[in-house]
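Asks: Sequence:
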Amino acid sequence: IINEMARTNSDGALGSPIKDAKAEANRNEENLTAEPPPPQSRANPAGKSSKGASNCIKSRDDDGGGIGRPLDEDIDDLAKDLGSVSIVPKPSVKDQSAPQAIKNVAALLSSNRYKNIVILTGAGVSCSAGIPDFRTPGTGLYDNLSKYNLPAPEAVFDLGFYKNNPEPFVQLASELWPGLKHSPTITHSFIALLERKGLLLRTYTQNIDMLDVLAGVSEDKMIECHGHFRSAACTKCSTPFDARECKRIIVEEKRAPICRRCPGYVKPDIVFFGEALPSRFHRLVRQDTKKADLLLVMGTSLMVGPVNGIPEMVGKSCPRVLLNRELVGSFCKSNGPRTRRKSYDKDAKRDIFHGGDCDDSIRMLCTLLGWEDELDELNKSTRLG
Numbered sequence: 086i087i088n089e090m091a092r093t094n095s096d097g098a099l100g101s102p103i104k105d106a107k108a109e110a111n112r113n114e115e116n117l118t119a120e121p122p123p124p125q126s127r128a129n130p131a132g133k134s135s136k137g138a139s140n141c142i143k144s145r146d147d148d149g150g151g152i153g154r155p156l157d158e159d160i161d162d163l164a165k166d167l168g169s170v171s172i173v174p175k176p177s178v179k180d181q182s183a184p185q186a187i188k189n190v191a192a193l194l195s196s197n198r199y200k201n202i203v204i205l206t207g208a209g210v211s212c213s214a215g216i217p218d219f220r221t222p223g224t225g226l227y228d229n230l231s232k233y234n235l236p237a238p239e240a241v242f243d244l245g246f247y248k249n250n251p252e253p254f255v256q257l258a259s260e261l262w263p264g265l266k267h268s269p270t271i272t273h274s275f276i277a278l279l280e281r282k283g284l285l286l287r288t289y290t291q292n293i294d295m296l297d298v299l300a301g302v303s304e305d306k307m308i309e310c311h312g313h314f315r316s317a318a319c320t321k322c323s324t325p326f327d328a329r330e331c332k333r334i335i336v337e338e339k340r341a342p343i344c345r346r347c348p349g350y351v352k353p354d355i356v357f358f359g360e361a362l363p364s365r366f367h368r369l370v371r372q373d374t375k376k377a378d379l380l381l382v383m384g385t386s387l388m389v390g391p392v393n394g395i396p397e398m399v400g401k402s403c404p405r406v407l408l409n410r411e412l413v414g415s416f417c418k419s420n421g422p423r424t425r426r427k428s429y430d431k432d433a434k435r436d437i438f439h440g441g442d443c444d445d446s447i448r449m450l451c452t453l454l455g456w457e458d459e460l461d462e463l464n465k466s467t468r469l470g
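Residue numbers (this note's numbering): 86 to 470.
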């Protein structure tokens with residue numbers, strides 16, 4: 086601010102613009118009785134009378150000259166100049182309004198100490214995209230599958246059931262196929278933003294909606310623990326099937342594709358109950374959790390293994406953050422968030438939990454960090470239609 090406001094006077098010292106204005110006014114008051122400048126002077130062009138000079142001072146001009154103006158007009162200009170310069174320091178994370186848990190997370194991220202963040206997400210991060218989670222009573226996916234007369238809601242993702250009756254999954258997949266109806270949420274965009282800033286080591290998602298990838302997260306940074314729709318194969322002989330043709334048959338014809346090598350049903354490479362997780366998960370999860378310096382868990386019930394074991398795999402000095410509607414998994418102890426872990430910040434001496442909607446929590450966090458405009462711009466660029 087001083088650099089913008091200051092000037093250099095005749096002996097090279099920094100001077101105040103307010104003092105300069107007062108000095109200018111004093112000099113003009115002393116010269117009120119002086120004879121008017123000659124006709125050729127810019128201060129009195131064409132030899133006009135100098136009447137009214139007592140109400141004027143010399144206006145600043147790029148080449149040192151100026152036409153006489155009232156003193157209050159010059160001061161008004163100065164006020165406008167000063168008005169465009171903020172003299173109020175940006176409030177610190179501690180001073181801004183937000184829940185203490187969110188402030189603690191913002192303090193961690195703003196410390197520049199955490200460059201290998203591991204994220205674990207579940208269905209809760211996609212709810213605002215219009216995709217229901219699985220287990221919320223009344224609105225969850227499992228509660229809305231009764232029309233298919235399933236022996237149990239989980240049967241829609243059971244491999245043995247699909248081989249005998251693929252229709253329930255086909256109907257569900259035709260509604261949820263990525264890239265047709267659902268856009269990435271604010272939380273997905275936040276994960277992509279962390280990658281842009283060079284802070285993301287890996288994000289592990291239990292979701293099959295591919296919204297992380299649609300949000301801009303690179304496939305190299307993704308572990309889609311329960312599979313995806315980008316490839317397909319036969320459930321009987323495992324022969325690969327063209328993914329675009331699989332999509333066309335399921336979405337447009339509403340039927341299960343048939344393998345061209347055997348009579349088995351084809352499905353996208355979604356991990357069903359009874360199938361193994363992708364080999365990439367097992368290859369990277371241990372090295373990632375060992376390297377992680379911050380774990381962020383969002384929108385999950387942590388009820389499905391082996392993914393629900395990730396929070397237990399990080400080092401004891403690694404901060405663990407849970408942004409969720411309720412305490413879950415190993416975060417849920419009788420005395421609240423666990424306290425046996427090593428202190429990692431003077432303002433966050435235990436695992437951090439903030440209860441509520443994921444998108445709301447992320448927006449508050451990004452506001453504290455000054456990332457909100459970047460977040461909104463990124464999210465806007467990935468919306469469908």
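Simulated from the structure, these hints should not be mistaken for lab results. Hints are supplied without guarantee of correctness; some may be wrong.
[Unchecked claim] DSS-like mimics (lysine-lysine), calculated; alpha carbons at most 27 Å apart, straight line:
(1) Lys375 x Lys200
(2) Lys321 x Lys339
(3) Lys200 x Lys339
(4) Lys266 x Lys200
(5) Lys375 x Lys306
(6) Lys200 x Lys321
Asks: All hints are to be evaluated individually against the structure, with a verdict given for each.
Replies: Each hint tested on the structure:
For the suggested pair Lys375 and Lys200, the alpha carbons sit about 13 Å apart, so the restraint of at most 27 Å is met. For the hint linking Lys321 to Lys339, the alpha-carbon distance of about 20 Å falls within 27 Å, and the restraint holds. Restraint check for Lys200 and Lys339: not satisfied, since their Cα atoms lie roughly 45 Å apart, outside the 27 Å limit. Annotation: proposed proximity of Lys266 to Lys200 is violated, straight-line Cα distance about 34 Å (limit 27 Å).
Pair hint Lys375 plus Lys306 holds up; C-alpha atoms about 16 Å apart against a cutoff of 27 Å. For the hint linking Lys200 to Lys321, the alpha-carbon distance of about 43 Å lies beyond 27 Å, and the restraint is violated.
In terms of the numbered hints stated before, the structure departs from hints 3, 4, 6, listed from lowest to highest.
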